[in-house]
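Undergrad: Chains A and B, in that order, are what the protein sequence lines are.
FYI, numbering that gives the first Met the number 0 numbers position 70 of the first sequence as 69, with every residue one higher than the one before it.
FYI, numbering that gives the first Met the number 0 numbers position 74 of the second sequence as 73, with every residue one higher than the one before it.
One or more hints might be untrue.
Mimicking DSSO-like on lysine-lysine, the simulated pairs with C-alpha atoms at most 30 Å apart in a straight line are [unchecked claim]:
#1 A:Lys86 with A:Lys143
#2 B:Lys158 with B:Lys110
#3 A:Lys114 with A:Lys86
#4 B:Lys114 with A:Lys193
#5 A:Lys264 with B:Lys264
#6 B:Lys193 with A:Lys280
#7 B:Lys19 with B:Lys210
#8 B:Lys86 with B:Lys114
#9 B:Lys167 with A:Lys210
#10 B:Lys79 with B:Lys114
#11 B:Lys193 with A:Lys210
#12 B:Lys86 with B:Lys264
#13 A:Lys264 with A:Lys140
#14 B:Lys110 with A:Lys280
#15 B:Lys108 with B:Lys167
#16 A:Lys193 with A:Lys210
#17 A:Lys167 with A:Lys193
#18 B:Lys114 with B:Lys193
#19 B:Lys76 with A:Lys19
#20 A:Lys163 with A:Lys65
#21 A:Lys86 with B:Lys193
#22 B:Lys280 with A:Lys210
#23 A:Lys193 with A:Lys264
#24 A:Lys143 with A:Lys110
#25 B:Lys79 with A:Lys193
#26 A:Lys264 with B:Lys210
#27 A:Lys193 with A:Lys114
#28 A:Lys193 with B:Lys108
#29 A:Lys210 with A:Lys264
#30 B:Lys193 with A:Lys193
#31 B:Lys65 with B:Lys193
#32 A:Lys210 with B:Lys110
#33 B:Lys167 with B:Lys86
#34 B:Lys210 with A:Lys210
#35 A:Lys140 with A:Lys65
#36 A:Lys86 with A:Lys210
#37 A:Lys108 with A:Lys139
#38 B:Lys210 with A:Lys86
Since the hints were derived computationally from the structure, they do not count as laboratory data.
Number of protein chains: 2
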Amino acid sequence: MSLLVVGSLAVDTIETPFDKRERALGGSATYISLAASYFAHGSDIGLVGVVGEDFPEHAWKLFQGKGFDTSGVEVIKGGKTFFWAGKYHYDMNTRDTLTTDLNVFADFKPKVPAKHTSPDYLVLGNIAPSLQLDVINQMKKKPKLIICDTMNFWITGAKDDLMKTLAKVNALVINDGEARLLVDHPSLVVCGHKLQEMLAPDNHRIVIIKKGEHGALLFYDQFIFSAPAYPLEEIFDPTGAGDSFMGGLIGYLTRWETIQYATVKRAVVYGTVLASYCCSKFSTEAIENLSMDQIYRRFRELQSISSFEDEPFRTQKHDSAAGTM
Amino acid sequence: MSLLVVGSLAVDTIETPFDKRERALGGSATYISLAASYFAHGSDIGLVGVVGEDFPEHAWKLFQGKGFDTSGVEVIKGGKTFFWAGKYHYDMNTRDTLTTDLNVFADFKPKVPAKHTSPDYLVLGNIAPSLQLDVINQMKKKPKLIICDTMNFWITGAKDDLMKTLAKVNALVINDGEARLLVDHPSLVVCGHKLQEMLAPDNHRIVIIKKGEHGALLFYDQFIFSAPAYPLEEIFDPTGAGDSFMGGLIGYLTRWETIQYATVKRAVVYGTVLASYCCSKFSTEAIENLSMDQIYRRFRELQSISSFEDEPFRTQKHDSAAGTM
Numbered sequence: 000m001s002l003l004v005v006g007s008l009a010v011d012t013i014e015t016p017f018d019k020r021e022r023a024l025g026g027s028a029t030y031i032s033l034a035a036s037y038f039a040h041g042s043d044i045g046l047v048g049v050v051g052e053d054f055p056e057h058a059w060k061l062f063q064g065k066g067f068d069t070s071g072v073e074v075i076k077g078g079k080t081f082f083w084a085g086k087y088h089y090d091m092n093t094r095d096t097l098t099t100d101l102n103v104f105a106d107f108k109p110k111v112p113a114k115h116t117s118p119d120y121l122v123l124g125n126i127a128p129s130l131q132l133d134v135i136n137q138m139k140k141k142p143k144l145i146i147c148d149t150m151n152f153w154i155t156g157a158k159d160d161l162m163k164t165l166a167k168v169n170a171l172v173i174n175d176g177e178a179r180l181l182v183d184h185p186s187l188v189v190c191g192h193k194l195q196e197m198l199a200p201d202n203h204r205i206v207i208i209k210k211g212e213h214g215a216l217l218f219y220d221q222f223i224f225s226a227p228a229y230p231l232e233e234i235f236d237p238t239g240a241g242d243s244f245m246g247g248l249i250g251y252l253t254r255w256e257t258i259q260y261a262t263v264k265r266a267v268v269y270g271t272v273l274a275s276y277c278c279s280k281f282s283t284e285a286i287e288n289l290s291m292d293q294i295y296r297r298f299r300e301l302q303s304i305s306s307f308e309d310e311p312f313r314t315q316k317h318d319s320a321a322g323t324m
Numbered sequence: 000m001s002l003l004v005v006g007s008l009a010v011d012t013i014e015t016p017f018d019k020r021e022r023a024l025g026g027s028a029t030y031i032s033l034a035a036s037y038f039a040h041g042s043d044i045g046l047v048g049v050v051g052e053d054f055p056e057h058a059w060k061l062f063q064g065k066g067f068d069t070s071g072v073e074v075i076k077g078g079k080t081f082f083w084a085g086k087y088h089y090d091m092n093t094r095d096t097l098t099t100d101l102n103v104f105a106d107f108k109p110k111v112p113a114k115h116t117s118p119d120y121l122v123l124g125n126i127a128p129s130l131q132l133d134v135i136n137q138m139k140k141k142p143k144l145i146i147c148d149t150m151n152f153w154i155t156g157a158k159d160d161l162m163k164t165l166a167k168v169n170a171l172v173i174n175d176g177e178a179r180l181l182v183d184h185p186s187l188v189v190c191g192h193k194l195q196e197m198l199a200p201d202n203h204r205i206v207i208i209k210k211g212e213h214g215a216l217l218f219y220d221q222f223i224f225s226a227p228a229y230p231l232e233e234i235f236d237p238t239g240a241g242d243s244f245m246g247g248l249i250g251y252l253t254r255w256e257t258i259q260y261a262t263v264k265r266a267v268v269y270g271t272v273l274a275s276y277c278c279s280k281f282s283t284e285a286i287e288n289l290s291m292d293q294i295y296r297r298f299r300e301l302q303s304i305s306s307f308e309d310e311p312f313r314t315q316k317h318d319s320a321a322g323t324m
């Protein structure tokens with residue numbers, strides 16, 4: 000199954016309470032494609048984005064090693080790659096942005112190469128909703144699933160565009176604060192259902208609300224699935240965790256001909272696994288060379304920490320008197 | 000199995016964005032015992048607390064109807080019952096305390112009646128840690144399990160007392176903010192393990208961190224269990240939800256001769272069920288007359304929303320090459 004990933008390719012300078020890394024590899028498309036590569040064949044993954052001539056050599060080598068098709072990545076002569084610098088606070092849940100230099104990303108107009116205009120799965124990383132819509136309009140064939148991300152900046156600044164994009168999308172991945180901002184309701188359950196109503200009506204409507212250390216909620220048609228977080232003792236660098244989640248999720252889905260609830264639930268759990276690994280080293284370091292053993296081990300751990308047995312005293316018949324359970 | 004509940008018995012005036020209730024029944028011991036009564040026989044539940052002559056007649060009738068032994072509830076002649084008034088904000092997660100009149104609770108010295116000094120299970124609701132310790136010292140026989148609650152007020156104002164109490168306790172129920180305050184670490188996983196170290200060393204060490212809408216984390220010896228929250232669309236009145244959780248949890252445990260991990264996991268889920276019902280009406284109204292059917296239905300729903308199937312392509316042997324999962 001082919002997978003097209005559209006998003007940012009960036010250079011990040013990251014400071015945490017423990018360490019600092021200058022000009023590391025970053026960007027939503029980077030994390031998404033790397034995380035997806037554990038499930039999809041590298042050669043089935045196409046990237047669309049823009050970089051400057053300073054995009055790190057090791058990143059090109061990494062993409063090449065994975066077999067990604069980077070023909071959709073525009074390299075701007077004399078241009079500089081999108082640069083972000085941020086500093087995480089002690090609790091790792093909040094961060095200050097120190098620098099955002101859009102550089103070549105400021106004029107990004109995604110051009111999907113002809114050979115990528117009919118992917119099975121389309122992932123729209125967090126870019127302007129109008130650009131996400133533009134990419135959808137470049138599709139020659141309707142993908143099995145279009146999944147997108149967004150952020151506060153677009154919810155408050157480009158809501159009309161965002162609503163138009165969501166109406167063409169089958170799955171939305173969003174964090175809890177963004178969900179509440181977009182729906183304007185305190186209950187995440189209500190938010191999830193209202194967000195589903197914003198999506199394309201001609202397919203399953205899938206909403207995934209990421210809650211960081213509290214796991215994720217999946218809304219799939221009328222079903223709700225509550226996924227646990229992987230119980231990490233320490234977070235080294237949370238940059239890209241949300242994108243790794245999305246990549247693990249969509250990567251896993253590309254293994255399947257059809258979208259089914261049981262499969263999407265597992266995909267959310269694999270997304271959780273990739274996000275957990277992402278946090279354990281700087282930048283993309285932890286998700287560059289995982290083994291499937293490492294991934295499956297955490298999948299099983301998540302199953303173990305969230306499962307409980309049914310009531311042994313119960314039979315099919317429900318007793319209604321207290322004391323007879 | 001006998002259960003002794005020590006805590007506050009109160010009268011609450013509660014205002015939410017939707018409605019208001021004057022002088023409703025409240026108090027930690029009230030919610031705990033009512034929630035526990037669905038699993039334990041009423042006559043096995045003893046209450047220790049203090050009230051004034053104004054304690055509502057319908058509360059006495061309710062306790063009597065459940066069969067609770069209230070011989071440990073002191074009625075102070077001419078005294079007034081602990082009174083709390085609060086107002087919830089729009090998001091229902093935050094509230095302002097408008098009035099706290101300790102009244103007879105100010106001089107509360109728990110006196111455990113002789114017949115209750117060897118309960119199988121002892122629950123210490125949120126009162127001063129020195130009083131919790133005093134109750135433990137009144138025990139003639141070591142209970143199978145001593146479980147306690149606490150709050151910010153004691154963590155900051157009576158930490159030494161609290162640590163002495165915890166060292167005699169087998170299980171602690173605490174919310175996420177309190178856990179971080181007591182341990183001073185941002186990771187709840189680290190907090191859970193550090194809190195376990197504070198508990199009595201001669202038994203299972205059980206810590207339950209309540210995360211409200213995000214569910215709960217159970218730390219049981221070296222195991223972690225992540226329990227989902229019940230997906231409520233609307234919260235009517237969250238007062239007493241934490242105590243109802245504790246009551247459902249301990250009530251369920253009294254059905255068992257021994258403390259086992261699988262049982263404690265289910266107990267956490269039943270606690271979640273009782274807390275979810277508690278939020279659906281004012282005060283104790285929703286947990287006064289539940290059927291076991293209603294309780295078990297939500298237990299099964301929680302099992303359904305949190306379960307996912309193992310990877311169908313996997314066998315016992317872990318493949319380590321990507322693409323062969």
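Undergrad: Lys163 (chain A) and Lys65 (chain A): Cα distance at most 30 Å?
TA: 34 Å, violated
Undergrad: Holds or violated: Lys193 (chain B) and Lys193 (chain A), Cα atoms, limit 30 Å.
TA: Status violated; Cα separation ~40 Å.
Undergrad: Would you check the hint for Lys108 (chain A) and Lys139 (chain A), treating anything up to 30 Å between C-alpha atoms as holding?
TA: 18 Å, holds
Undergrad: Within a Cα-Cα threshold of 30 Å, do Lys65 (chain B) and Lys193 (chain B) meet the stated pairing?
TA: Status violated; Cα separation ~38 Å.
Undergrad: Measure nothing beyond the straight line between the CA atoms of Lys19 (chain B) and Lys210 (chain B); if it is 30 Å or shorter, mark the hint as holding.
TA: Holds, at about 26 Å.
Undergrad: Would you check the hint for Lys86 (chain B) and Lys114 (chain B), treating anything up to 30 Å between C-alpha atoms as holding?
TA: It is violated: about 40 Å lies between the C-alpha atoms, which goes past 30 Å.
Undergrad: Is the hinted pair Lys264 (chain A) and Lys140 (chain A) satisfied, with a Cα-Cα distance of at most 30 Å?
TA: Judged against 30 Å, a Cα distance of about 26 Å means the pair holds.
Undergrad: Lys264 (chain A) and Lys210 (chain B): Cα distance at most 30 Å?
TA: Holds: Lys264 (chain A) and Lys210 (chain B) sit about 22 Å apart, inside 30 Å.
Undergrad: Need the status of pair Lys210 (chain B), Lys210 (chain A): alpha-carbon distance at most 30 Å?
TA: 12 Å, holds
Undergrad: For the pair we were handed, Lys210 (chain B) and Lys86 (chain A), check the Cα-Cα distance against 30 Å.
TA: 27 Å, holds
Undergrad: Are Lys167 (chain B) and Lys210 (chain A) close enough, with their CA atoms no more than 30 Å apart?
TA: 35 Å, violated
Undergrad: Quickly compare the C-alpha distance for Lys143 (chain A) and Lys110 (chain A) to 30 Å and report which way the hint goes.
TA: 21 Å, holds
Checked against the numbered hints above, the structure violates hints 1, 3, 4, 8, 9, 12, 14, 18, 19, 20, 25, 27, 28, 30, 31, 32, 33; every other hint is satisfied.
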